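Number of protein chains: 2
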Amino acid sequence: MPNKRSAAKREKQEAVARGQEKYRAMSPAEFFSRYKELAGFSNPTRAVYQTIRELVENALDATDTHGILPVIRVVVEPARGVEGENRYTITVEDNGIGVPPTVMADAFGRVLYSSKYVIRQTRGMFGLGVKAAVIYGQQTAGQPVTVISAMEDSDYVYMKKLFIDINENKPRIVEEGQWRKRGRWHGTRVSITIEGDWRRARSRVIEYIKRTAIVAPYAEIHLVTPEGDVYIFPRMTRKMPKPPREAKPHPHGVNLEQFKMILQSTRARTLREVLVTEFQSVGEKSAVNFLREAGVSPDLNPKTLLRREYRDLLVRLVDKLRSYTGFRAPRSDYLSPIGADLIEIGLRRMFRPEFTAAVTRPARSYMGHPFIVEVGIAYGGSIPPREEPLLLRYANKIPLLYGEREDVAYKVVSSVNWKNYYVEFPAPLVVLVHIASTRIPYKEAGKESIGDVPEIESEIRAGVWEVARKLRIFLSRKRREAEIRRKIITLAKYIPEVARSLAMLGKPPEKWSPPKPEEEKMLVEALVRLVARYIELPETHDGGEDPVEIVKKIIAEVETK
Amino acid sequence: MPNKRSAAKREKQEAVARGQEKYRAMSPAEFFSRYKELAGFSNPTRAVYQTIRELVENALDATDTHGILPVIRVVVEPARGVEGENRYTITVEDNGIGVPPTVMADAFGRVLYSSKYVIRQTRGMFGLGVKAAVIYGQQTAGQPVTVISAMEDSDYVYMKKLFIDINENKPRIVEEGQWRKRGRWHGTRVSITIEGDWRRARSRVIEYIKRTAIVAPYAEIHLVTPEGDVYIFPRMTRKMPKPPREAKPHPHGVNLEQFKMILQSTRARTLREVLVTEFQSVGEKSAVNFLREAGVSPDLNPKTLLRREYRDLLVRLVDKLRSYTGFRAPRSDYLSPIGADLIEIGLRRMFRPEFTAAVTRPARSYMGHPFIVEVGIAYGGSIPPREEPLLLRYANKIPLLYGEREDVAYKVVSSVNWKNYYVEFPAPLVVLVHIASTRIPYKEAGKESIGDVPEIESEIRAGVWEVARKLRIFLSRKRREAEIRRKIITLAKYIPEVARSLAMLGKPPEKWSPPKPEEEKMLVEALVRLVARYIELPETHDGGEDPVEIVKKIIAEVETK
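Keeping their order, the protein sequence lines are chains A and B. Residue numbers for the first sequence follow the working numbering, beginning at 1 and rising by one. Residue numbers for the second sequence follow the working numbering, beginning at 1 and rising by one.
Next comes chain A alone, as it looks inside the complex (with noise of 0.2 angstroms):
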C-alpha cells in the first residue's frame, strides 16, 4: 500500500500548493499607479491629455466656481535636466482661491483627498486626477510635482515638491519653503514632468482648450506649446453665470451607510430634526407627515434606530426615505447651468453657422441629485457637411473628447430621425450637450462618457427635440423661401411683357404702338405691387424687407440672365 499512501499524499501536496494564493492589499496609490488607464492615462497620449484637462480642470473650479474671473495659464515644454526623450513638464497656473498651506502636501500626494467631496457641481468629482497624473509623472520621469500657492487672504506664497509614496499613500515632500508675497497674486501654480506624447496629443488638447473656451467666455486662457505657439482665448465678456453653491443631500439621494453616519454624526434630538436640518427639501410638515406614514415616532432618538435591533427599521426606513413623494425636488437653484444666452454665442463664435437655438431644460433630479441639461444646435455657414451630427458633449462645464459612442448623448443624438426635422445628411449640423449636476454618472474615473440614466437621457431628448423644432421652423421656411423664389420668377418673368401688353390694350387697336418709358415702368411697379401683396413673403428675411423690394429684385435677376 505504500504506492497508494504516497500518491495520497502527493494529491494533498498539490491541493496545499493549489490553495498557496498569495493575498494581500494595495493602497489606493498602488491601485491607480498599477491601473492607470483606470484614471485615463492608457498610453503617451492620453496622459498628455489627461494631465492637463485634470489641472485646468482644478484651475477653473478655484477660480469661478468661486465668483472670480479666471486667468488660466497652460504651458507645455521639453523638460530641462531629465534624460530620456518625450519627457514634458506641464504648468497650469491660475488665479483662483489657492489651496490652505495646510493641507496642500496631502492635496497633491494622497490618492482619495480631496474637496470635491460635497455636494457641489464642481468639474472635479473623485479627488483623484491630479494624483494620478503625479504618480504617472514620478513613474515615468521621476520628477516630484511642484505646487506654489498662495492664498487670497494670506501674506505668504507656499512651495513643495514631493513625490506620493505608492505603498504609504502619502506626500513625501523632498523640498519645500514660503516667501512674503510682492504683489497680491494669489491662486496656484502646479507643475508635473512627464513621458508623454506631444506630437499625437497636440491637436486634442487644443481642442479641449478651445471647447472649454467656448463654454467659458468670461475665462483668459492661455497656451504655449513645446514649439512655442501661443494660444490665446481672450476674455469675451465679465458677466459670468452664478458659481454653484453647495448642498445638503436630498432624502431621495441617500443609502444606508449615509443615514446612518447621518445619525452618528447628528447634533439633532429627534428624527424629526434630522430630517429637516440635516437634509435639503424637508419642511417640518413634510418631515413628521413622512415619519408619521412610515409608522415611526417623530421624537424618536436618532441614536435608537442605530442599534441592532433596530436594523430591519432602519432599513425599511431608509427605503421609504429614497421613495417617499412629498418631499419638495431636489434644489437645483445651487446648479450653475451656462445658459442658453452663452451657449449660443459659443456655437456661433466657433463655426460662424446659418442658424443656432439653444435651451436651458427645467431642472430634475435621478436618485436625488439634481441636474439641468441644456441642448445647443447650430446649422450651416461655415460648419462642414458629415454624414452625422457633430456632437459637442459637456458636463458640468468641461468638453468630454473621449468615449463619444457610449455616452447617453450619443445615444439619444444619433437615434433622432434627423429627416422629420428637414436636415438631410451630409449636412452641416453641429449639436451641443451639456450636463450640470451636484453629481455627474461618468462610466470611468477618468470622465470620459455619460451613463444610461433613464432621466437624464428623457431629458437630453426633449432638449434636441426642443431645438430641433426651431432649426425646422427655419429649414421649412428656408425651403418655402426657395419655393416662393421659383414662383416670384415665374412671375416675374412676365411682368415686363404683361405690362407692355397692358398699355396696348388700354388703347383703341389703331393707337396699338410700344408704351413710353415712363408708361411702362408705371405699370410695372402696380404689378410689382400686385405680386407682392398676393405672395406670402418668407419671414426668414430679418429686418422686415420691404416685400416690393424683393419682388423688383428678383426681376433684375431674371433680366440680367
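Hints were generated in silico from the structure; no laboratory data involved. Careful, some of the hints might be misleading.
If several chains are the same, the list does not tell them apart, and a pair holds so long as it fits within one copy or across any two.
[Stated by the list, open to error] Straight-line distance between alpha carbons at most 27 angstroms, and here's what the computed BS3-like set of lysine-lysine pairs gives:
1) Lys478 / Lys521
2) Lys553 / Lys487
3) Lys248 / Lys320
4) Lys22 / Lys248
5) Lys170 / Lys116
6) Lys170 / Lys22
Given the structure is predicted, the values throughout are model-derived calculations rather than measurements.
For this one, chain A is given, so just place chain B on it according to the hints.
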C-alpha cells in the same frame, strides 16, 4: 475712513470664506460605495448583472485556473426575511480551491485586498468586484454577505457573515462558525442580498452565462432564476486548456516605482543577479550586455541605486530597461488561450452555422505584458442576418456584454470592408474576439471594454483578416458553385435532345428514326461524363460526391420542372 476699512475687512472675510474648502480623505471602500457606477453598479439592472458576473468569474478563477473541472451553481431568489420590493439573494457556489480561513474576512470585506495582484491570466484583476457587490448589498438591502468555504486539504468548513466598514475599509464580522467536513467538499459559496431589477437583468444574465459556457465547455453551470426556471449548461468535454501560470515581471513592463520596490525587497547582491532572478526573459548574458550598454557595472550592489544621488541614473536605467531589444519576448507559455478548436465548437453549438473558422494568433506583448488574440468567425445557418456583424467579445475567457462601441474589437470589426470578403449586409455573420493576457487594458473598473492598445489592435486586425480570408474562400466557392450550377443546367437541358440527334446522325438519313431507349440512355451517359469532365466542379461538396452523379441530379431536377 472707517467705511473703506470695513470694506477691506469685508473683502478679506469673503476671501477667507472662499478659501474654506472642506478637504478630507476617503477610504477606498467609501470611494467605491459613493461612485458605485465606476465598478459597474450604475443602476438596479446592472447591479444584478454585475453581482452575478463578479461571483461567477471568481468561481471560475478558483477552479479551472487551478486545473479543477468547474461545477458552478448560480441561484437568484427573492430575498427572504428582508423588507422592501426588488430584493434578491444571489448565491454562487463553486468546487474550487476555497479561501484560506485566515484571509476570508479580508478577501470579502476589504476593498483592494485580493489574490489577483500577481502576474497571471485571471478573470478578476482589480480585487474590487465582489467587495463592490457586498457594499452595494449592504447599502441597498442592509444585509451582510455570507461566505462558506472549505479548502481541499482542510478538514473544516468555515463560515463568516460580515459587513464592510465603509469608513475604515475593513470587515465587520457579525457571525462566524466552523465545522468538520462530512464529505470531501471543497469550494466557496457566497450569498449577497441586493436591491435589483431582475426582470430587466434577466436576459443579460442568461446571455452572460450562455457565452461563458461557450468558451468553457468543460464546465458544468446551473442557473436557477427567481421564477424557478433552471438552466443547465452541461459539461461537453473533460478536456481543459492548460491553466495559466504566474510569471515574473518582464523588463519592458516595469516602471520606476516597481523597479525601486524590487531593489528594496530583492536578496540578490548584484544588479546582474537582480535582472536574472527577479525578471522573466533575462539571461546571464543579456543582463550583462544590457548593463554594459547602459554604462552600469553588473556587479553594483542593488541597494546603492536607491541612494538619492543615484536618482537620475536610476531613471535612465529603467528607461533603457523598458526599451532594450536584447531581452527575450515576454513568456506567453504561461497564458491560457481558449484554442481554435474550442472556439469553433462553441460557435457551432450556439449558432449551427454553415461555416466556421477560428485562429489562435502567435503571442505578442505590449508594454511588457504578453497577450494572445484569438478570432473566430461563423456564417450562415441559423444566424439571423443583421446590418453589421454580431460581435462576441471575450477577455481572459469572460464575455463582455456592455460598452461594445468603445471596445478596440468593435473598432477593428466595424472598420473591415466586408465586401472584399464577399459579405453583403444584411448578412448572417458572427465574429468572436478573445484576448488572453496577464493584463487586460480595461477602460473601466467594471470590466466592460478594452482600450485602444496599438499592439492589440493590430493583432485583432490580423486575426480578423485571417478568418475573413477563409470565409472569402468559402463564399467564393459558394458563388462559383452557383455559377457552375447555372452552366450545367444550361448544358443539361440539351443533353437528352443532343443525345437523340447524335443517335440519328449516326445513321443515313433514310434510316432516321427515334433511338431505342437503351441507345439513348447510353448516349446520355456519355454526354454526362463529357460535361462532368469539362466542368470545374465545386469543392464545397463534402465527401467528394461523384461529378457524374451531380450532373445527373441536375438534369433530373431540370426535367421535372
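Checklist entry - Under a CA distance limit of 27 angstroms, which applies to Lys22 and Lys248: within one copy, between copies, both, or neither? => result between (43 angstroms within a copy, 14 angstroms between copies)
Next on the checklist: My question is about Lys478 and Lys521: at a cut-off of 27 angstroms on alpha-carbon distance, are they close within one copy, between copies, both, or neither?
Outcome noted: neither (31 angstroms within a copy, 77 angstroms between copies)
Checklist entry - Given a CA cutoff of 27 angstroms, do Lys553 and Lys487 count as a within-copy pair, a between-copy pair, both, or neither? => result within (14 angstroms within a copy, 68 angstroms between copies)
Checklist entry - Is it within a copy, between copies, both, or neither that the alpha carbon of Lys170 lies no farther than 27 angstroms from that of Lys22? => result both (25 angstroms within a copy, 19 angstroms between copies)
Checklist entry - When no copy is specified for Lys170 and Lys116, does a C-alpha distance of 27 angstroms or less occur within a copy, between copies, both, or neither? => result both (18 angstroms within a copy, 24 angstroms between copies)
Checklist entry - How do Lys248 and Lys320 come out at 27 angstroms by Cα distance, when the copy is not named: within, between, both, or neither? => result within (19 angstroms within a copy, 52 angstroms between copies)
In the structure shown, a violation is registered for the earlier hint numbered 1 alone.
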